[in-house]
Structure formats: structure tokens, C-alpha cells
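Peer 1: So you can see what is in the structure, the chains are spelled out below.
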Amino acid sequence: MRILVLNWRDLRHPAAGGAEVYTEQVLRRWVAAGHQVTLFAAAVAGRPATEIVDGYRIVRAGSRFTVYREARRWWQRWGRGRFDVVVDETNTVPFLAHEWVDDGTPTIALVHQTCEDIWPHHVPPLAAQLGRHVLEPWWLRRLGGAPILAVSDSTREALTRFGARDVTVVPEGYEPPAALPVVAKEEQPTVVFCGRMVSYKRPGDVVRAVELSRREIPGLRLWMIGGGPLLNRLRERAPAGVEFLGRVDEGVKHDRMARAHVHVATSVREGWGLVVTEAAALGTPTIAYDVPGLRDSARAAGGIVVPPRPEALARWLCELLPGLRRQPGEGVPYGGARPWDEVADTLLAAVQRHARVPGAAAPLAPAA
Amino acid sequence: MKISFVVPTKNSARTLDACLASLRAQTHAAVEVLVVDNGSTDGTVRIAGRHADQVLQWGPERSAQRNHGTERSTGDVVVFIDSDMVLEPHVAAQIVERFTAEPDTGALIIPERSFGEGFLARCREMEKLLYVGDAAVESPRAYRRELIERIGGWNEDLTAAEDWDLADRTRAVATVGRVPAWIWHDEGRIRLRATFAKKRYYGRWIDQYVRMHADSSGSKFARTALLRRPARLLRHPVLTAGLATLKLTEAAGLAIGIRDSRTTAGARTP
Numbered sequence: 002m003r004i005l006v007l008n009w010r011d012l013r014h015p016a017a018g019g020a021e022v023y024t025e026q027v028l029r030r031w032v033a034a035g036h037q038v039t040l041f042a043a044a045v046a047g048r049p050a051t052e053i054v055d056g057y058r059i060v061r062a063g064s065r066f067t068v069y070r071e072a073r074r075w076w077q078r079w080g081r082g083r084f085d086v087v088v089d090e091t092n093t094v095p096f097l098a099h100e101w102v103d104d105g106t107p108t109i110a111l112v113h114q115t116c117e118d119i120w121p122h123h124v125p126p127l128a129a130q131l132g133r134h135v136l137e138p139w140w141l142r143r144l145g146g147a148p149i150l151a152v153s154d155s156t157r158e159a160l161t162r163f164g165a166r167d168v169t170v171v172p173e174g175y176e177p178p179a180a181l182p183v184v185a186k187e188e189q190p191t192v193v194f195c196g197r198m199v200s201y202k203r204p205g206d207v208v209r210a211v212e213l214s215r216r217e218i219p220g221l222r223l224w225m226i227g228g229g230p231l232l233n234r235l236r237e238r239a240p241a242g243v244e245f246l247g248r249v250d251e252g253v254k255h256d257r258m259a260r261a262h263v264h265v266a267t268s269v270r271e272g273w274g275l276v277v278t279e280a281a282a283l284g285t286p287t288i289a290y291d292v293p294g295l296r297d298s299a300r301a302a303g304g305i306v307v308p309p310r311p312e313a314l315a316r317w318l319c320e321l322l323p324g325l326r327r328q329p330g331e332g333v334p335y336g337g338a339r340p341w342d343e344v345a346d347t348l349l350a351a352v353q354r355h356a357r358v359p360g361a362a363a364p365l366a367p368a369a
Numbered sequence: 020m021k022i023s024f025v026v027p028t029k030n031s032a033r034t035l036d037a038c039l040a041s042l043r044a045q046t047h048a049a050v051e052v053l054v055v056d057n058g059s060t061d062g063t064v065r066i067a068g069r070h071a072d073q074v075l076q077w078g079p080e081r082s083a084q085r086n087h088g089t090e091r092s093t094g095d096v097v098v099f100i101d102s103d104m105v106l107e108p109h110v111a112a113q114i115v116e117r118f119t120a121e122p123d124t125g126a127l128i129i130p131e132r133s134f135g136e137g138f139l140a141r142c143r144e145m146e147k148l149l150y151v152g153d154a155a156v157e158s159p160r161a162y163r164r165e166l167i168e169r170i171g172g173w174n175e176d177l178t179a180a181e182d183w184d185l186a187d188r189t190r191a192v193a194t195v196g197r198v199p200a201w202i203w204h205d206e207g208r209i210r211l212r213a214t215f216a217k218k219r220y221y222g223r224w225i226d227q228y229v230r231m232h233a234d235s236s237g238s239k240f241a242r243t244a245l246l247r248r249p250a251r252l253l254r255h256p257v258l259t260a261g262l263a264t265l266k267l268t269e270a271a272g273l274a275i276g277i278r279d280s281r282t283t284a285g286a287r288t289p
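As you go down the protein sequences, you meet chains C and G in turn. Okay, so the first sequence: first residue is 2 according to the working numbering, each after it adds one. Okay, so the second sequence: first residue is 20 according to the working numbering, each after it adds one.
These aren't lab readings, by the way, just hints derived from the structure by calculation. Please note that the accuracy of each hint is not assured.
Unchecked claim - Chain G regions said to be covered by chain C (calculated; three or more residues, Cβ under 8 Å): (1) 39-50; (2) 102-114; (3) 199-205.
Every residue, glycine too, gets a C-beta built ideally from N, C-alpha and C.
Work out the full structure, taking the sequences as your base and the hints as a guide.
Peer 2: Now the structure itself:
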């Protein structure tokens, strides 16, 4: 099959994230299975406009704002008639391929997460209101006309709220490190946080929760793993027992995550919350805020969710840590996610089954 | 000692999963969960099926649902939890501990604090913290089975203030204790219009409640706890202003609700 995937970034982009890892893992397996795959993404400084990576072709044009228009132009000039399916991978802004793919090729959207309450964390206040209450609902309402694949129940729920009718949940993938660190749990009660030090991950909440918990568990210790703009400010004001490691390599990260008794996650919202999956695979259970995304990965990994307040996180830490120290968690296979081979197969099957020629009648009768 | 959690629901899908998961995650082992639904049309029944030992259908109102749950439950202790509450893991263990240590205590209060989205939820959060320890507002949630059966369960004639009514009848015949662990009450996003409508609906039952408890009802509406420690309010002037707006909206809703009930009552008995 000839597959065109539209995504705002590819894995070589300096700001590539979880969605790009997902895309890359899946695409190279599709190629290995004999499909012809093209990925259209924004230009990356120092990278050619076209290159072959892991067997699939990457075409790059446009910036983070113009990549959507460039994708459409590229389709009109070069793409039309050359593909069997178009996958519109949406990171807040959809390509809306179903509105301009006009040669009878079926399209389908793939959504990792909606932005909603994260808007204020990324853009200035007024723009955030505009984005959250005007732009995103408008984009998602239009996207709702296409069939959509979502990576979690939370994302499906959000899309349904914006009027999407044909949403199918596909699994999230995770490959545990080849060599799982063989380490014993720490003597001292230890909490680990792992994520970028940016406001929407709420690292300050973690520090506050541990500070509160230390009233009941005086020896409690916190490892903060990850770099980011908030790092220095948080480090300067860190209370006793909190150690900021900054950005560390994967080996150190896995080692620390495996040695801690409990992992905490406090994001505002995620698509899936892969860090929970990672911790579970390393044998460390998570206490996560009960928010979209973290809820899904915590449930899959057998973790606990708590009201999104530092005081609540502190209460649960105090109540659960003694038990976790007596009986440390065991590694969960794939941390509750699925191996990439399975994800690639399931996703391809879902694409084949649900992709639809734009304008054709939906398989499910739309409500009135 | 076996604990039965009885959870009445009606279109509670938004909060139910977190609620039931917290009941299932209790550190005390002997726990039973009963969901008594009243004709939900959202995902409530499906979510309940994932966690509960029994999912029942009953109506017409919350009190009747809770009584039906009590009847069908098998525990030594019945705990009434609402579908928008999340329990800390030790609540059940502490209930067992209290009832074992204090054989004379018939019912237990579980202190509550709230959380939610947005500014008004923050105001509500502050309000709930001011009520902690105030007997006029806090109602027991955990009952020894023989006690709840002896006092005849929830009053099915009341749909609002039914918790105060039960608390009054409980305090008349038994000692009420409390546990240290908390219940976290999910307020979601509080909207003034919805708050007004809800209070207006509740307001219709107020006259009836006052008729039944003429002696003690005054203290419940006064909510003196809010003013007892003004320092706590003054420390957060913005939240206090928000809270004042919220309370005024509620008061207006109740007042109109009471008027509604008197108009209908007047129409019925000319």
C-alpha cells in the first residue's frame, strides 16, 4: 500500500516529542512489511528537503505555522493520484486532509491528544483564550467530519466532546530498554519525578507534595529528573530532601527510576502519559494526577490516580509509601502499553478498516 | 469487619471511575461496593460494572437509592459515598479501627475537602475547609448496620437536607465519632447558573425539613463557621469575594425554591 502520513514534525526535528517517536516506530515497521511510506513534515535546519530514513521517505517544507499550507500545496503538485491512503496526524492543528484530498483517496486522522487546558502553558494569556475557546473547537469540529484514530480513551472522550462521531482507540506502544537495570530499591523512602521542567508538567506540585509529606515521613527524598526552563528557579528554592538531576542520559534515568519506591506524574493533561508506562516497566508504580492521559496509562499499568492537588498527592504518598517499601512493585510487561510490532499491525488494520473517501457516507449513520 | 460502600448514581460518568477506583484501592481487604443507579443514560452503568460487586437500579430519589443499597448490602458497616467523591486509601481501615476501639460509637464522620477546576472551585475549597469540625454542617457517612436499620435509614420524603435529617436522628440515639482520613469531593467546574438551579430545586424541600426539625434547623442555615474565623477569610480576599458571590447565588436559589414550594403547596390546599 502507498501511505502518506502528514505530521508537523519528524523525529529529526529538535522539538520532536512522543508523537514523533510513535510515528517513527510505526512507519519503519510498515516499510518492513512491504508498504511504501512517505512522511510530510516541517523543514528542519540542516536537513534536506527529501531524504530516506529507515526505508521511508521524508518530505520537508514549511515552518510550524506554514507546514499545513505546504502539505496541501505539495499534495496538489506531487501527491495527487500517487497514494492509497492519507493519514492526518493531528498535534492540536489538523491538516484537514479530508477537506482537500480530492482524488478519491481515503483519509483518516490520528490524534494523540487535545490541547485544551494546556493552551495557557504554551502561549500568552489572550492568545490562549482564543486558541482554547475559538480555534481548537473550530479545528476539531471540522476534523470531526473525518474518521479518527485516538491513542487513549481520554483523547476519544475529548474528541467526542468536540463533535467527532467516528473515533476508534488504537494502542500506545512502548519498548522497554534492552537491559532492564538490575538494582535494589533504596533504603531511604524515595520518590522520583521524570519530565521536562515546564509549567504544564507541574514539577512545583511534586516538590510541594514531598515537602508536605516530609512532616509525616521525615526521611522522604525526591529525585527530579529532567531539564527545562523552570529548572534553575525550582532548584534554587528546593526544600530539604529534593535533588534536581537536570537532564541525564537514558541509563541514569532508568537506574534512578528503578531504584525509587514510587514515581509521581502531575501533568495538566497528556495523550497517554508514557512516563507512567516507562516507570511501570522498570518496576516502579506511579501515583498520578487524575487527568486525561495519565489516567489511561496509570490504569493500564495498575497505578493509582489522585485528585490533582499537591495536598492530595501528599496524603496518598504518606498512606501508600510504607506499604510500597515493604512490598515493592514488580515490573509490568511493556508497562501496560503494547509492543511496537503489535501497535504497527493494529494501526495499519485500523487505517485500512476506518479510512474513508472524503465526502462519502459515514459507515455509522450520523446523528440527524 | 466488612465494609459496604453504597454509591447512588444518576448520570455520574464524569466522576464515577475515580470514585469507585478509590473504593477498590482501600487498604482494608473486606470491602464491598454497591452502585445503586437511577436510570442513567450515560456511561455510568458500564463504569459501575467494571468496579462494583452489585449494580442495582432503583428510584425515585437519592434517599430511596441509598436505602435500597443498605438492604442489599452484607457488611457490618454501611458507608454512604456520593459518586463525585474520592476516598483516601485508609478510610475503610480507619473506620474498622474506630468502631473496634469505641464500641459505643454508632456512626462516623469522614471529613471532606473539595477540589475542582477554576476560580469558583478554589473558593469552594476554602469554604469546605472552614466547615471541618463543625457539627452543624458535617454529617456522618459510616454507620453500624444495626444503627442504620434501627433508625429506619434515610428519609425518602426528603430529597434535600436528607443528610442533616439523618444526622439529627443519629445524634439523638447514638454517639458520633470521626476518622482522620479525608474524602476529596470533586466539584468539577462550578457554574453560578447551575448552582442556582440546583439550590432552587433543593429549596423545595426546606420547609418540610424545618417542620420536622424545628429545634435545630436554624444553626444549619446560618453557617456560622464561615464567620467564626475571619482571619482565614481575610487572608484570601479574592477567594472570599468569590465565595460571597457563590453563597449569595445559593441563597437566592434556596429562597426562590422555598417560594416555589409554597406556591405549589398553596395551590394544592386552597
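Peer 1: Are the hints correct? Go through all of them and say.
Peer 2: Cross-check of the supplied hints:
1. Counting residues of the region 39-50 of chain G whose CB lies closer than 8 Å to any CB of chain C gives 3, which reaches the minimum of 3, so the coverage claim holds.
2. Restraint check on the region 102-114 of chain G versus chain C: 4 residues with Cβ-Cβ distances below 8 Å, three needed, restraint holds.
3. Counting residues of the region 199-205 of chain G whose C-beta lies closer than 8 Å to any C-beta of chain C gives 4; at least three are required, and the coverage claim holds.
No hint from the list above goes unmet by this structure.
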